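Peer 1: With chain A's structure known, arrange chain B on it following the hints.
Those protein sequence lines, which keep their order, are chains A and B. In this text, residue positions in the first sequence follow my numbering: the first is 1, and each later residue adds one. In this text, residue positions in the second sequence follow my numbering: the first is 1, and each later residue adds one.
Note that these hints are calculated values from the structure, not bench results. One should not assume that every hint holds.
Heads up, the list lumps identical chains together, so a pair's fine if it works in one copy or across two of them.
[Claimed, not checked] Taking lysine to any residue pairs in the SDA-like style, the calculated list, with each CA pair at most 25 Å apart, reads: (1) K312 <-> E227; (2) K27 <-> G47; (3) K20 <-> F263; (4) K87 <-> V172.
Here the structure is a predicted model, which means the values were calculated and not measured.
2 protein chains.
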Amino acid sequence: MQNFMYNTPTQVFFGRGVEKEIGPQLKARGYKKIMLHYGGGSIKRTGLYDKVTESLREAGLDWIELGGVAPNPKISFVRECLKICRKEQIDFILAVGGGSVIDSAKAIAMGLANDKDPWEIITGGKMPEKTFPVGAVLTISAAGSEMSNSHVITNEEIHMKRGLNTEMVRPVVAFMNPENTFTVSPFQTGCGIVDIMMHTLERYLTPDEDAILTDRIAEALLVSVKEAGPVALKNPEDYEARSTLMWASSLSHNGLTGCGKTFGFTVHKLEHDFSGVFDNIAHGAGLSVLFPAWAAYVYKDNVKKFARLAEKVMDIPVGEDEEATALAGIQAFKDYFRSLGMPVTLGELGVPADAYEQIANLTTANDTKKVPGFRELTKADLLAIYKLAE
Amino acid sequence: MQNFMYNTPTQVFFGRGVEKEIGPQLKARGYKKIMLHYGGGSIKRTGLYDKVTESLREAGLDWIELGGVAPNPKISFVRECLKICRKEQIDFILAVGGGSVIDSAKAIAMGLANDKDPWEIITGGKMPEKTFPVGAVLTISAAGSEMSNSHVITNEEIHMKRGLNTEMVRPVVAFMNPENTFTVSPFQTGCGIVDIMMHTLERYLTPDEDAILTDRIAEALLVSVKEAGPVALKNPEDYEARSTLMWASSLSHNGLTGCGKTFGFTVHKLEHDFSGVFDNIAHGAGLSVLFPAWAAYVYKDNVKKFARLAEKVMDIPVGEDEEATALAGIQAFKDYFRSLGMPVTLGELGVPADAYEQIANLTTANDTKKVPGFRELTKADLLAIYKLAE
Numbered sequence: 001m002q003n004f005m006y007n008t009p010t011q012v013f014f015g016r017g018v019e020k021e022i023g024p025q026l027k028a029r030g031y032k033k034i035m036l037h038y039g040g041g042s043i044k045r046t047g048l049y050d051k052v053t054e055s056l057r058e059a060g061l062d063w064i065e066l067g068g069v070a071p072n073p074k075i076s077f078v079r080e081c082l083k084i085c086r087k088e089q090i091d092f093i094l095a096v097g098g099g100s101v102i103d104s105a106k107a108i109a110m111g112l113a114n115d116k117d118p119w120e121i122i123t124g125g126k127m128p129e130k131t132f133p134v135g136a137v138l139t140i141s142a143a144g145s146e147m148s149n150s151h152v153i154t155n156e157e158i159h160m161k162r163g164l165n166t167e168m169v170r171p172v173v174a175f176m177n178p179e180n181t182f183t184v185s186p187f188q189t190g191c192g193i194v195d196i197m198m199h200t201l202e203r204y205l206t207p208d209e210d211a212i213l214t215d216r217i218a219e220a221l222l223v224s225v226k227e228a229g230p231v232a233l234k235n236p237e238d239y240e241a242r243s244t245l246m247w248a249s250s251l252s253h254n255g256l257t258g259c260g261k262t263f264g265f266t267v268h269k270l271e272h273d274f275s276g277v278f279d280n281i282a283h284g285a286g287l288s289v290l291f292p293a294w295a296a297y298v299y300k301d302n303v304k305k306f307a308r309l310a311e312k313v314m315d316i317p318v319g320e321d322e323e324a325t326a327l328a329g330i331q332a333f334k335d336y337f338r339s340l341g342m343p344v345t346l347g348e349l350g351v352p353a354d355a356y357e358q359i360a361n362l363t364t365a366n367d368t369k370k371v372p373g374f375r376e377l378t379k380a381d382l383l384a385i386y387k388l389a390e
Numbered sequence: 001m002q003n004f005m006y007n008t009p010t011q012v013f014f015g016r017g018v019e020k021e022i023g024p025q026l027k028a029r030g031y032k033k034i035m036l037h038y039g040g041g042s043i044k045r046t047g048l049y050d051k052v053t054e055s056l057r058e059a060g061l062d063w064i065e066l067g068g069v070a071p072n073p074k075i076s077f078v079r080e081c082l083k084i085c086r087k088e089q090i091d092f093i094l095a096v097g098g099g100s101v102i103d104s105a106k107a108i109a110m111g112l113a114n115d116k117d118p119w120e121i122i123t124g125g126k127m128p129e130k131t132f133p134v135g136a137v138l139t140i141s142a143a144g145s146e147m148s149n150s151h152v153i154t155n156e157e158i159h160m161k162r163g164l165n166t167e168m169v170r171p172v173v174a175f176m177n178p179e180n181t182f183t184v185s186p187f188q189t190g191c192g193i194v195d196i197m198m199h200t201l202e203r204y205l206t207p208d209e210d211a212i213l214t215d216r217i218a219e220a221l222l223v224s225v226k227e228a229g230p231v232a233l234k235n236p237e238d239y240e241a242r243s244t245l246m247w248a249s250s251l252s253h254n255g256l257t258g259c260g261k262t263f264g265f266t267v268h269k270l271e272h273d274f275s276g277v278f279d280n281i282a283h284g285a286g287l288s289v290l291f292p293a294w295a296a297y298v299y300k301d302n303v304k305k306f307a308r309l310a311e312k313v314m315d316i317p318v319g320e321d322e323e324a325t326a327l328a329g330i331q332a333f334k335d336y337f338r339s340l341g342m343p344v345t346l347g348e349l350g351v352p353a354d355a356y357e358q359i360a361n362l363t364t365a366n367d368t369k370k371v372p373g374f375r376e377l378t379k380a381d382l383l384a385i386y387k388l389a390e
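Bound conformation, chain A alone (with noise of 0.2 Å):
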C-alpha cells in the first residue's frame, strides 16, 4: 500500500426531500450572500428551482443568480460570471447542476479567493493558496465533482480541455436527492454510468499489487454500478437504482477507491482532447469509446489485475489462461457500453480518422510529453490506441 493522504470534508445530505436542508445548512454556516450558479434551464422546468429559491427564501438568505453554464464548460462564461460576483459581494456559490456547472463553480471560486485569471490558475503550474467556498445540488450523476478535488475548463479560444485537482475546490456541502435526476434522458444517463466507472477504473487498474481492501471496495462500486445502470435506463424513477448511481458517483471520485494506489487518470487525460476539439461530444461517451481501445493496448502490463477485474466485476469465469480472461473482460466492458446506447467507435463518437493527428499532438504538446499513468503514452502510442478505436 502506497502512502496516502485521504481528505473528503463535504458534507453530505442524501436522500428524498434533502432540499429543505439547504436554506439552514447554509445559514449555519454564516453565508449570507449566495450566487445561485446553473445551467440551461432545466431545473426550472422540473421544479428544482423552485424548491432550492424557497429553501434560501425562507432562511433570510440573499441570492443572486447566474444560470446558462454550457456542457464542457467555458472559460470565457467563467470571467463573465467572476466580473459579476465581484462586484456583487457574494460569499458562496451553491452550484445547482452537474459536473460542468460545478467545475464552472469551481473555476469561479478559485478566480474570486486568488484575484487572478481562472485559466492562468488552471493551467498556471503554480498552485493557489487560498480559497472560496462552494455547495453542490447535484441533478445528474457522473462527474462526481459534488465531493471531488478536481475541476475541468475548456478553454474555447484555442480548443483546450484543461482540469486541475486541489484540496481547496472540494464543496463544504453536497445535497443530493436521486429524485431530481429521474428525468436525465438515457444518453446522459449512460454518459455518467461510463463516468462513474471510469473514476474507478482508473484508480483500480494500476500496477499496484498491494492495496486490496481499496481494490475490493472498487468492486463493489463497479458492479454495484454495472447492475443499477440498465435498471435505471429502463425505469427512469427507479429510485434505488438511482440512489446507487448517485452515491457511487460521489465515492468513485472522492478518493476513496485509489486510497493507496498510484494515480494514473491516462483514459481521462486522452479524453479530455476529444471534448476539447469537438465541442459536441459528450465526456462519458468519449470515455466509453476510448476505454476499450486503451485497455486492450496496455493489458499486457498487468494482465494479472486485467483478468482480476473481468472476474469480479464483469463475471468472466476463470480458465487457465489468464490472458484471454482479461481480453474477455475488456469485451465485456466494450459490449456493456453498448448496450447502454454509449457510442464504443470513433466513427460512432463522429471522430474524422483527419483528426488524430491534432488530438495526439495536444495530448502530447506536439510528441514532446508523456501521457503518465498505468504505461506512459507516447504520441505513436496515442495513434495505435485510436486506431484500435476504429
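Peer 2: Relative to chain A, chain B alone:
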C-alpha cells in the same frame, strides 16, 4: 436506501513516516499549545513518543503532556485532565494511542468546549453545541475513534460505561502509520479485528434490503479484514496486513459502511455493560462472545441477510436451505474469532452466571427499556442471549 447524512471531515495522513507531518499540519491549522494525551507509556518504549515530540518541536509548537489513560477510560481521569487543560489554556488535544486514548481526548474536548461536567455531557441527554479540536496518532487498529463521531467513557463509581455520538467529536486530523501497530500484542490484535468487523456487522445486519452499494462495500471490508487478521497474527510486522487492518478500522466506523441503512449497534450496547462491570474485559473480547450468541438469537428476522453474509464473507456454499447457510455463517464467525485466540463463551470471558441479572438490569434500566436495533430486545431476551453464549 434510507436518507442519510455523511460527514467525514477528518484529514487522514496514512503510511510510513507520517509522524513528520504532525508538527507542520498542526501549525498550518493555527494551533500553538498542544495537550499530548497518551496511555501507559508504550509509546515511549516504541520510540513513537520521540518522533511525535520531535515533530512538534521542529514546528515550534508548545505542549503539555497528560499520559496514563487506562483501557476503558475513566471519567475521574477525564475530570482531572480537564482541570489541567483549562488552567494551561491549551488549544488542541493530540491523542497518541488507540480508542481509549482518543475517546478520553474527545471527552476532555467536550468538557473544555462546553464548561460542563463531562459525565453530564455524555449522559445528560442534551446535546452540546460547541466543540474543541482533537487529533489522533493511531497505535492500535480497532475502535475507529480516529474518524468516528463516537466516544465511550466508563464511570467507575457506578460501574457504568456509556457513549455519546455527535459530529462534534470527529478528529480534525489523523496520522496513521501501520508500523506503529507492529508491537500490538496478539490478544489486542485479535480484539481489534473483532471490533473492526463488528463496527461493520452492526451496520450490515439490519432489516434493510435496499442499500446494495453500502452492503457490498461492507462485504469488501469484512473479507479484507478476515484475510488480513491471521497474517498479522502470524507476522506482526507484515506491513500490508497491518495497513489493511488500520485503514479498515477507520472506514468501518466513520459512517461509510452504514450509508443509507438503519442504525442498530445492539451488540455494542450489550457489550458495554460487561466491560463496564468487569473492568478486565476487553471490549473486543466481549464482542467476540456476544456476537455469535446474539446472531443465533435474532437471525430468523432476516434469514436472507445472514445467508448472504455467510456466502459473501465466510465462503459458505449456498445450498437450498437458506437457514442452514445463515447458521453455518454464524458458526464460521465463531470459529474465526476462536482461531484469532479470542474467547467465544462467557465462561472464557470470566463472567459468572450469577452476574447475568445485574448486567441485564443495567442494559435495560431494570427491565424498563428495550435495546433498539435489528430486533428490540427485552431483559428476558438478553438473559436468553447470555445463555446461548455460555
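Peer 1: Hints first: check each against the structure and report whether it holds.
Peer 2: So, going through the hints one by one against the coordinates:
| no. | hint | result |
| --- | --- | --- |
| 1 | K312 <-> E227 | both (13 Å within a copy, 17 Å between copies) |
| 2 | K27 <-> G47 | within (22 Å within a copy, 46 Å between copies) |
| 3 | K20 <-> F263 | between (37 Å within a copy, 23 Å between copies) |
| 4 | K87 <-> V172 | within (23 Å within a copy, 35 Å between copies) |
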